[in-house]
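Trainee: Chain by chain, the residues:
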Amino acid sequence: MTLYIILTINSITMGGLLFLLSAGFSLIFGLMRIPNLAHGALFMLGAYFGVTFLRMEVNFWIAVIFSGVALAIIGGVIERLLLRRLAGQELAQVLVTLGLAFIIADVCLLIWTGDPIPLNAPESLRGVERFFGIVFPRYRLAVVVIALILAIGLWFLLERTRLGAMIRASVDDPEMARVTGIRVSRLFTIVFALGAALAGVGGVLSGPILSVYPGLDAEMLPLALIIVILGGAGSLPGAFLGSFVIGFIYNFGQVFFPDLAYVVLFLPMLLMLVLRPQGLFGKDPL
Amino acid sequence: MGSNVLALDGVSAYYGDSLVLQEVSFSLGEGRLLGLLGRNGAGKSTCMNVAAGLLSPRNGHLEFFGETVTEIKPEELAHLGVSLVPQERRIFKSLTVYENLAVAARQPPWTHRDPWEFSTVFAAFPRLGERHKQVAGSLSGGEQQMLAIARALMSNPRILLMDEPSEGLAPQIVMEVIDTVSRLKEQGLSIILVEQNPKLVFGIADDIVILNSGRVVLTGTAADLNPKNLDLTEYLGIF
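Just so you know, the protein sequences line up as chains C and G, in that order.
In terms of the numbering used here, the first sequence is residues 1 to 286.
In terms of the numbering used here, the second sequence is residues 1001 to 1239.
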């Protein structure tokens, strides 16, 4: 019984973490149709920025915000200088973002070396909480709460604000959106920057749980892909549900089918692509 | 007659390699309604696309409010006060009626005493008010057309380009649309109305331009070219 409880707690925590990773990926993929294969690298870069900020003795939460801002700027520059020129050319976008992922990974190796770097959780969140005799690590609980707050915030932004309506209008019919006076290219820069910022924030927040190490990017990207395919590209509720589903599959799979960990992970994705290519909540098939 | 608010001057335009407009010239006077007529494929919608900035002319130029423009982005034109009611409506189907209007809402400097805003739009199109929370894709054809017109008005334009607003609508709804266009004209808006049905246009237009195979073949005032006095069959087919 204890095993199941521990696995469930770990799964929920991982779900929260995966949402931080996949929300940005889903936004960029669903709204701009850009398969951003550099997303895992942006996540890792965010985590390394966090390392540096913390070494400078910046407060943990400030480091999270700084990392998000830094990644937003980097994401904005990538969109303006590179991806803007490749609008509608999905193969070119795949290759460019893949190339970027390799470049970012190499730069990280150069600056932060190849050793795994543990990140300390903020002091107030170290230790555990007990509910009904069950032990919950405080930091992991906080990550789930942050993911929940971000999910609600993003949903509000997209569904309840004029900016969100403009973004959705630009996805519906970009040409008509421009005729209506919406500056679509500026909006897409904002979306890409926001997606990258979410990766940066997720990277730092994952540090105390996963540590930061070379290869973190390559481990995270497939998970983001699976989640977005399961949930549906561009759908925040899809990314949210998909993240927790994968959190559970990952944790339970690793314990009960350790030799088949990747089969258990990728099989639902394959089935979804064959049976329901738009994902659980998506509008358009991939 | 006031000054020109929009002019096409010797405009030639292509879709890929095919020439669709050949040295087209005409102008829209301030506060006037220009009816753009022609058979299917005559180039009417292409003229609208050029005037809305969706298609750049390869030769010739455009003039807006006396300023010459050769290449301008559609969003910049929209901010200059040009608003398009496109063919096939092209409302944002996944957005609600309210959101369709909200994304276009603007109060530019030239906005006069009674600007178009939610209250005035819902007063003019009560059905849209009743259905403001509904997803636009679920509206009827006539309601979608009203929404396309209302969306164009929310930016308080100086020039309204209407591309076949009666297309595919029941006759009663067509009359509603034409009534709306007349009211907008009375309010002083400068309008270009593209139509296949000349009878509708001659009833409300001040000026007429007839296109055939991408060229202007006839221009004049609606009074001069009235089909009662002039045989337009060779330009427009039988009507």
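You may find that some hints are simply not true.
Said to hold, decoys possible - With a cut-off of at most 30 Å between alpha-carbon atoms, the simulated DSBU-like pairs for lysine-lysine come out as follows:
1. G/1093 x G/1133
2. G/1093 x G/1185
3. C/283 x G/1185
4. G/1185 x G/1073
5. G/1199 x C/283
6. G/1185 x G/1199
FYI, nobody ran anything at the bench for these hints, they're computed from the structure.
Trainee: If a hint holds in the structure, say so; if it does not, say that too.
Mentor: Hints, one by one, checked against the model:
no. : hint            : verdict
1   : G/1093 x G/1133 : 13 Å, holds
2   : G/1093 x G/1185 : 28 Å, holds
3   : C/283 x G/1185  : 40 Å, violated
4   : G/1185 x G/1073 : 26 Å, holds
5   : G/1199 x C/283  : 42 Å, violated
6   : G/1185 x G/1199 : 17 Å, holds
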